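Q: Protein chains in written order, with our numbering: chain Z, 260 to 418; chain A, 260 to 418; chain D, 260 to 418; chain V, 260 to 418; chain X, 260 to 418; chain Y, 260 to 418.
It should be emphasised that the hints constitute simulated quantities derived from the structure, not laboratory data. Check each hint, because a few of them may be wrong.
One copy or two, either will do: identical chains are not told apart, so a pair holds if it fits within one copy or between any two.
[What the hints assert, rightly or not] Restricting the straight-line Cα-Cα distance to at most 27 Å, the calculated cross-link-like pairs of lysine-lysine (DSSO-like) are:
| no. | residue 1 | residue 2 |
| --- | --- | --- |
| 1 | Lys417 | Lys300 |
| 2 | Lys417 | Lys285 |
| 3 | Lys285 | Lys323 |
| 4 | Lys417 | Lys397 |
| 5 | Lys415 | Lys285 |
| 6 | Lys323 | Lys397 |
| 7 | Lys323 | Lys413 |
| 8 | Lys285 | Lys397 |
| 9 | Lys281 | Lys413 |
| 10 | Lys393 | Lys417 |
| 11 | Lys285 | Lys393 |
| 12 | Lys262 | Lys417 |
| 13 | Lys326 | Lys285 |
| 14 | Lys415 | Lys323 |
Source: prediction; values computed, not measured.
6 protein chains.
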Amino acid sequence: MNKAMYTGSFDPITFGHVNIIKRAAKIVDELLVLVCFSASKQYLFSPEERVALIQESIATLGLKNVKVSFYEGLVVDYAMKHNISLLVRGMRAVSDFEHESAMSRINNELYSEIETIGLFSDPGVSHISSRFVKEIAKNNGSLQGLVPEPVQIKIKEKL
Amino acid sequence: MNKAMYTGSFDPITFGHVNIIKRAAKIVDELLVLVCFSASKQYLFSPEERVALIQESIATLGLKNVKVSFYEGLVVDYAMKHNISLLVRGMRAVSDFEHESAMSRINNELYSEIETIGLFSDPGVSHISSRFVKEIAKNNGSLQGLVPEPVQIKIKEKL
Amino acid sequence: MNKAMYTGSFDPITFGHVNIIKRAAKIVDELLVLVCFSASKQYLFSPEERVALIQESIATLGLKNVKVSFYEGLVVDYAMKHNISLLVRGMRAVSDFEHESAMSRINNELYSEIETIGLFSDPGVSHISSRFVKEIAKNNGSLQGLVPEPVQIKIKEKL
Amino acid sequence: MNKAMYTGSFDPITFGHVNIIKRAAKIVDELLVLVCFSASKQYLFSPEERVALIQESIATLGLKNVKVSFYEGLVVDYAMKHNISLLVRGMRAVSDFEHESAMSRINNELYSEIETIGLFSDPGVSHISSRFVKEIAKNNGSLQGLVPEPVQIKIKEKL
Amino acid sequence: MNKAMYTGSFDPITFGHVNIIKRAAKIVDELLVLVCFSASKQYLFSPEERVALIQESIATLGLKNVKVSFYEGLVVDYAMKHNISLLVRGMRAVSDFEHESAMSRINNELYSEIETIGLFSDPGVSHISSRFVKEIAKNNGSLQGLVPEPVQIKIKEKL
Amino acid sequence: MNKAMYTGSFDPITFGHVNIIKRAAKIVDELLVLVCFSASKQYLFSPEERVALIQESIATLGLKNVKVSFYEGLVVDYAMKHNISLLVRGMRAVSDFEHESAMSRINNELYSEIETIGLFSDPGVSHISSRFVKEIAKNNGSLQGLVPEPVQIKIKEKL
Numbered sequence: 260m261n262k263a264m265y266t267g268s269f270d271p272i273t274f275g276h277v278n279i280i281k282r283a284a285k286i287v288d289e290l291l292v293l294v295c296f297s298a299s300k301q302y303l304f305s306p307e308e309r310v311a312l313i314q315e316s317i318a319t320l321g322l323k324n325v326k327v328s329f330y331e332g333l334v335v336d337y338a339m340k341h342n343i344s345l346l347v348r349g350m351r352a353v354s355d356f357e358h359e360s361a362m363s364r365i366n367n368e369l370y371s372e373i374e375t376i377g378l379f380s381d382p383g384v385s386h387i388s389s390r391f392v393k394e395i396a397k398n399n400g401s402l403q404g405l406v407p408e409p410v411q412i413k414i415k416e417k418l
Numbered sequence: 260m261n262k263a264m265y266t267g268s269f270d271p272i273t274f275g276h277v278n279i280i281k282r283a284a285k286i287v288d289e290l291l292v293l294v295c296f297s298a299s300k301q302y303l304f305s306p307e308e309r310v311a312l313i314q315e316s317i318a319t320l321g322l323k324n325v326k327v328s329f330y331e332g333l334v335v336d337y338a339m340k341h342n343i344s345l346l347v348r349g350m351r352a353v354s355d356f357e358h359e360s361a362m363s364r365i366n367n368e369l370y371s372e373i374e375t376i377g378l379f380s381d382p383g384v385s386h387i388s389s390r391f392v393k394e395i396a397k398n399n400g401s402l403q404g405l406v407p408e409p410v411q412i413k414i415k416e417k418l
Numbered sequence: 260m261n262k263a264m265y266t267g268s269f270d271p272i273t274f275g276h277v278n279i280i281k282r283a284a285k286i287v288d289e290l291l292v293l294v295c296f297s298a299s300k301q302y303l304f305s306p307e308e309r310v311a312l313i314q315e316s317i318a319t320l321g322l323k324n325v326k327v328s329f330y331e332g333l334v335v336d337y338a339m340k341h342n343i344s345l346l347v348r349g350m351r352a353v354s355d356f357e358h359e360s361a362m363s364r365i366n367n368e369l370y371s372e373i374e375t376i377g378l379f380s381d382p383g384v385s386h387i388s389s390r391f392v393k394e395i396a397k398n399n400g401s402l403q404g405l406v407p408e409p410v411q412i413k414i415k416e417k418l
Numbered sequence: 260m261n262k263a264m265y266t267g268s269f270d271p272i273t274f275g276h277v278n279i280i281k282r283a284a285k286i287v288d289e290l291l292v293l294v295c296f297s298a299s300k301q302y303l304f305s306p307e308e309r310v311a312l313i314q315e316s317i318a319t320l321g322l323k324n325v326k327v328s329f330y331e332g333l334v335v336d337y338a339m340k341h342n343i344s345l346l347v348r349g350m351r352a353v354s355d356f357e358h359e360s361a362m363s364r365i366n367n368e369l370y371s372e373i374e375t376i377g378l379f380s381d382p383g384v385s386h387i388s389s390r391f392v393k394e395i396a397k398n399n400g401s402l403q404g405l406v407p408e409p410v411q412i413k414i415k416e417k418l
Numbered sequence: 260m261n262k263a264m265y266t267g268s269f270d271p272i273t274f275g276h277v278n279i280i281k282r283a284a285k286i287v288d289e290l291l292v293l294v295c296f297s298a299s300k301q302y303l304f305s306p307e308e309r310v311a312l313i314q315e316s317i318a319t320l321g322l323k324n325v326k327v328s329f330y331e332g333l334v335v336d337y338a339m340k341h342n343i344s345l346l347v348r349g350m351r352a353v354s355d356f357e358h359e360s361a362m363s364r365i366n367n368e369l370y371s372e373i374e375t376i377g378l379f380s381d382p383g384v385s386h387i388s389s390r391f392v393k394e395i396a397k398n399n400g401s402l403q404g405l406v407p408e409p410v411q412i413k414i415k416e417k418l
Numbered sequence: 260m261n262k263a264m265y266t267g268s269f270d271p272i273t274f275g276h277v278n279i280i281k282r283a284a285k286i287v288d289e290l291l292v293l294v295c296f297s298a299s300k301q302y303l304f305s306p307e308e309r310v311a312l313i314q315e316s317i318a319t320l321g322l323k324n325v326k327v328s329f330y331e332g333l334v335v336d337y338a339m340k341h342n343i344s345l346l347v348r349g350m351r352a353v354s355d356f357e358h359e360s361a362m363s364r365i366n367n368e369l370y371s372e373i374e375t376i377g378l379f380s381d382p383g384v385s386h387i388s389s390r391f392v393k394e395i396a397k398n399n400g401s402l403q404g405l406v407p408e409p410v411q412i413k414i415k416e417k418l
């Protein structure tokens, strides 16, 4: 289990994502956190901003085997080009499970080398989603306990 | 259990909502039905129209402890300002349950005084959603048994 | 069980749809595959293109009791006008099940003659959705095993 | 769609089962209601009693194409021997759906001729289960609205 | 919302149950925690022991409006006899939700005065079940964080 | 990701289990397949027989990093004693997901070093369960495609 990849929109990164990164970093040799985007979709933060927020959010955790990057395209294409065969996914709820299950089959059909492992969301953060976070931020609610400090600061500037 | 709040888009109110209002009104002293909206989203009815439709729809039920209002912002902010600590939610299906479960955690983290109670949708109305209702209305289908009469009339004028 | 109808957006038809058509055609006398659309929604293919793709995709299967058409409006209105009382639905996952369950109740309330039967998605194709297919196509991924050949060709022309 | 089979323990038959029988009888030419049992399991009623209760419960419905029988063994073996290729299943909840989905795959693997169709439980009876009925009966609760009259009478004699 | 009832086997009480009791006690005037049992089922603790464990487990919480008792029979019969019309249920997962939803319909059919409210399990304790607790205890695992101290002590004596 | 453990009753091993073993063996350095049992439960095969059936079933796969053993007790105790911190779980359906999610939290609370990864069941085998297999075997149904040949032979001798 040399290299693994944890992908998502991370618009923005939440404590739910941080939790998965920390745990995945322990069980694989190298972990790439990959910000995915599509030119046709609207995001609050640019891919570069999202990468920076992830880096700042995990800076103090001492995770030496984690890198962050961004990419537009099929996740599995990126994985194959960079010799990564393992995808890490966080699963919060039943709806996540079914989506991830279908995605893992699709990805495995595109490239049979690709395997997906799911980590069960930690109880303390399984209710957090980037969508909720943005909703609360727009209405000036507190993001304490939902997103790391760099995100709390940056999201206020944006909105 | 003095005051409680039942929030939603109510765009428009359905017999599913009416059922929850009737039942919630029995178990709390005061019930506020709060029409929520976001300036960035599109609705069929204005907040004022939705409040009026709710009031007309429950007018004949004799629910003396129910008030209706509207608000843009975080539901829990409104609740705290008006000294309401109880949120009432209707649960139709598994997807509702998971969404409401996450929302109740988020709200409880924003203000620890806030508690959420879920009522199980009545079998006779658990299949109704405002989205279905609008879809049917657009195609001139019958709304008998789905929404109260005032909504049946008003929705035809709109479309 | 004379006539039945299998409706959907089919934007585009996938091997998941083909599987349901084949199985439904075996258990009913006549099967109408009906492409549904709404003028207010955006699709990749026009209704006529989708009908053509379905016809080409099932051409070699020798299904003599299957017809394909398109319609804008309530599915059950079409069914009643054409003397069809049976709707066929494919169910892939829990979220499908809940949606279809609510839809079948709504349709049965609109016209009590309407009955809905669900077929369980075949394991080999239960992960496929038109949305996934378009996502992969946009990123030049392989659609082998996901959609019939006519769709593979046509979707490349479109994108 | 000539012949179909609706199987179960029916220990005892409930209004949920009756609803499925009525609806299935409309969409197939012949319906066999088959009481299944296993010598190693414990039941409240004998197979013969359960057959009788089903017959009495549907006697007044005028369903001329419905027969009732019982069998110990694999449902699909019985189906093949009697030239029945269609299984009818009622689906009340998500847990039912998943179980039925797996069963339909298993049965289809045993005999590829076998197809399973699911009917969505009617909202008015989707909460009823034979287990609940027996629990209530043991505690002298009212079975009105849960099981047909012949079952109400017989279950009191048993307990 | 004068009187409410929270029922269960409580074999034994866990921190999940304690959490629901604390929260329910805040939103109703009087809360009865009712240990239910059936003479035909096997339990680790007797009804009297379970009542005592509940009382000891909540003794330090200062919940003056909570009483504990036990009963064999239909929960709703007890409720009606004692003039209680509200049932409180904790919901941990999708399977709980579906079971509780069906139960609330059954109970409401037995007595239309009965209403059920569901509380969403707290993230920190939503994974705990009495069954897991007994399994761990049998294998000498630590029950720290799963059950209150009185249960930790008593369960060791039993096993 | 040095050592991982895949636990279960394996009574008996199915092609679903074999699929998980093959895939897990690829992503970890060493995989221990651990047959768990409880003296108070009834099984078809003894722990020793189950170990032998697993070994025979995977013999031809050339998995050099897989060992098989059995154990009565808490899975995590065994893991800690043998310096294994990773548990591998297969997830077939929503009900599996919820059970595994709760188990992973419990195990992580017992020993914080323990991490659980879930693999999504392969579509071709996600409907198979040991319980179904035994049910079919008892009724002399074909186990082709459900369990490896050594199990097909041995199960006939048993029943």
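Q: Each hint needs a verdict: does it hold in this structure or not?
A: Hint check results:
no.	hint	verdict
1	Lys417 <-> Lys300	both (18 Å within a copy, 19 Å between copies)
2	Lys417 <-> Lys285	neither (33 Å within a copy, 39 Å between copies)
3	Lys285 <-> Lys323	both (10 Å within a copy, 24 Å between copies)
4	Lys417 <-> Lys397	within (10 Å within a copy, 30 Å between copies)
5	Lys415 <-> Lys285	neither (32 Å within a copy, 35 Å between copies)
6	Lys323 <-> Lys397	neither (34 Å within a copy, 35 Å between copies)
7	Lys323 <-> Lys413	within (25 Å within a copy, 46 Å between copies)
8	Lys285 <-> Lys397	neither (35 Å within a copy, 31 Å between copies)
9	Lys281 <-> Lys413	within (22 Å within a copy, 38 Å between copies)
10	Lys393 <-> Lys417	within (11 Å within a copy, 32 Å between copies)
11	Lys285 <-> Lys393	neither (29 Å within a copy, 31 Å between copies)
12	Lys262 <-> Lys417	neither (34 Å within a copy, 36 Å between copies)
13	Lys326 <-> Lys285	both (14 Å within a copy, 23 Å between copies)
14	Lys415 <-> Lys323	neither (30 Å within a copy, 42 Å between copies)
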